[in-house]
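Protein chains in written order, with the numbering used here: chain A, 1 to 114; chain B, 1001 to 1113.
Keep in mind that the hints were calculated from the coordinates and are not lab data. Watch out, some of these pointers could steer you wrong.
Unchecked claim - SDA-like cross-link-like pairs, simulated, lysine to any residue; straight-line CA separation at most 20 Å:
| hint | chain 1 | residue 1 | chain 2 | residue 2 |
| --- | --- | --- | --- | --- |
| 1 | B | Lys1081 | B | Thr1108 |
| 2 | B | Lys1057 | A | Thr101 |
| 3 | B | Lys1105 | B | Thr1044 |
| 4 | B | Lys1081 | B | Thr1023 |
| 5 | B | Lys1105 | A | Lys13 |
| 6 | B | Lys1105 | A | Phe60 |
| 7 | B | Lys1105 | A | Arg110 |
| 8 | B | Lys1105 | A | Leu41 |
| 9 | B | Lys1105 | A | Leu88 |
| 10 | B | Lys1105 | A | Ala2 |
| 11 | B | Lys1068 | B | Ile1020 |
| 12 | B | Lys1105 | A | Gln107 |
| 13 | B | Lys1105 | A | Glu84 |
| 14 | B | Lys1105 | A | Ala80 |
| 15 | B | Lys1105 | A | Thr14 |
| 16 | B | Lys1076 | B | Tyr1048 |
| 17 | B | Lys1105 | A | Glu102 |
| 18 | B | Lys1081 | B | Asp1052 |
| 19 | B | Lys1081 | A | Gln107 |
| 20 | B | Lys1105 | A | His10 |
| 21 | B | Lys1057 | A | Glu102 |
| 22 | B | Lys1057 | B | Gly1015 |
| 23 | B | Lys1076 | B | Ser1110 |
| 24 | B | Lys1105 | B | Ala1039 |
| 25 | B | Lys1105 | A | Gly58 |
| 26 | B | Lys1105 | A | Ala38 |
| 27 | B | Lys1105 | A | Phe104 |
| 28 | B | Lys1105 | B | Asn1021 |
| 29 | B | Lys1076 | B | Asn1030 |
| 30 | B | Lys1105 | A | Ser86 |
| 31 | B | Lys1057 | A | Phe104 |
| 32 | B | Lys1105 | A | Gln37 |
| 33 | B | Lys1105 | B | Thr1023 |
| 34 | B | Lys1105 | A | Ala87 |
To be verified - Derived contacts from chain B toward chain A, CB cut-off under 8 Å, selection only:
| hint | residue |
| --- | --- |
| 35 | Phe1045 |
| 36 | Tyr1048 |
| 37 | Leu1087 |
| 38 | Phe1103 |
| 39 | Gly1106 |
Being a predicted model, the structure only gives us computed values, none of them experimental. All C-beta atoms in this analysis are idealised placements derived from N, C-alpha and C, irrespective of residue type, glycine included.
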Amino acid sequence: EAGVTQSPTHLIKTRGQQATLRCSPISGHTSVYWYQQALGLGLQFLLWYDEGEERNRGNFPPRFSGRQFPNYSSELNVNALELEDSALYLCASSYNRGWNTEAFFGQGTRLTVV
Amino acid sequence: GQNIDQPTEMTATEGAIVQINCTYQTSGFNGLFWYQQHAGEAPTFLSYNVLDGLEEKGRFSSFLSRSKGYSYLLLKELQMKDSASYLCAVTETTDQAGTALIFGKGTTLSVSS
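Between the sequences and the hints, there should be enough to build the whole structure, so can you do that?
As structure tokens, then:
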């Protein structure tokens, strides 16, 4: 069974541009979570989608947005990129929206803003 | 809000036992997870505690005390491959912020021979 897959693996963008990151959850999982892992800061919660709807978002500005498609895959969009957006972006999925089951993480997308 | 504290770094030798502590302050606790993350890789699930007590899974055990806002991960018979970052994460639900899984900054464990 395929795990959580993210694309692209690496992404280099210029300040002010937009970045789109993609995530395919494990088959049967309806919840998708996005995290930012910047150097020295740990995993910071970005967004949670379940059944196509945004269920919760972390303390990030509105230029961080996303969506979940009918097949439960998800996109994370970051507009007006800033240098401090450089980080590893991790996607995770679970089959239960109650947060009481383990979430499986993808390998991440390394975003570099220059 | 939430605050999760764990030591930044720990070192140990092969075959030893190490305990990684995690303290948390949260207003709507729903459960606590431990994840392992090797450098350059995705975090992988180790354990989940929602009730007080010890959960044992092979060489790894996790303990929770909800009244004290405290958990620890116990690693026995350490192996070199256990060198990794160990992440404590708390599930929290509040009226203001909804539900989310909040991670600590992680403890980097270095195992030497």
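* Asked: Within 20 Å, alpha carbon to alpha carbon, are B/Lys1081 and B/Thr1108?
  -> With a Cα-Cα distance of about 13 Å, the restraint between B/Lys1081 and B/Thr1108 holds, given a limit of 20 Å.
* Asked: Holds or violated: are the alpha carbons of B/Lys1105 and A/Ser86 at most 20 Å from each other?
  -> holds (17 Å)
* Asked: Holds or violated: B/Lys1105 with A/Glu84, Cα cutoff 20 Å?
  -> holds (18 Å)
* Distance restraint between B/Lys1057 and A/Phe104, which requires alpha-carbon spacing of 20 Å or less -> The hint holds at about 18 Å.
* **Restraint status (C-alpha distance of B/Lys1105 to A/Phe60 at most 20 Å)** => holds (18 Å)
* Pair hint outcome, B/Lys1081 versus B/Asp1052 [Cα-Cα no greater than 20 Å] -> It is violated: about 29 Å lies between the C-alpha atoms, which goes past 20 Å.
* Is B/Lys1105 close enough to A/Gly58, meaning Cα to Cα at most 20 Å? -> holds (16 Å)
* Holds or violated: B/Lys1105 with B/Thr1044, Cα cutoff 20 Å? -> Between B/Lys1105 and B/Thr1044 the Cα gap is close to 15 Å, so the pair holds against 20 Å.
* Taking only the CA atoms, is the gap from B/Lys1076 to B/Asn1030 under or equal to 20 Å? -> violated (27 Å)
* With a cut-off of 20 Å on the C-alpha distance, tell me whether B/Lys1105 and A/Ala38 pass. => holds (10 Å)
* Asked: Does the structure keep B/Lys1105 and A/Gln107 at a Cα separation of 20 Å or less?
  -> Between B/Lys1105 and A/Gln107 the Cα gap is close to 18 Å, so the pair holds against 20 Å.
* To do: Please work out if B/Lys1105 and B/Asn1021 have their alpha carbons no farther apart than 20 Å.
  => Given that 20 Å is the threshold and the Cα spacing comes to 12 Å, the pair holds.
In this structure, the hints that do not hold are numbers 4, 5, 10, 14, 15, 18, 20, 29, in rising order.
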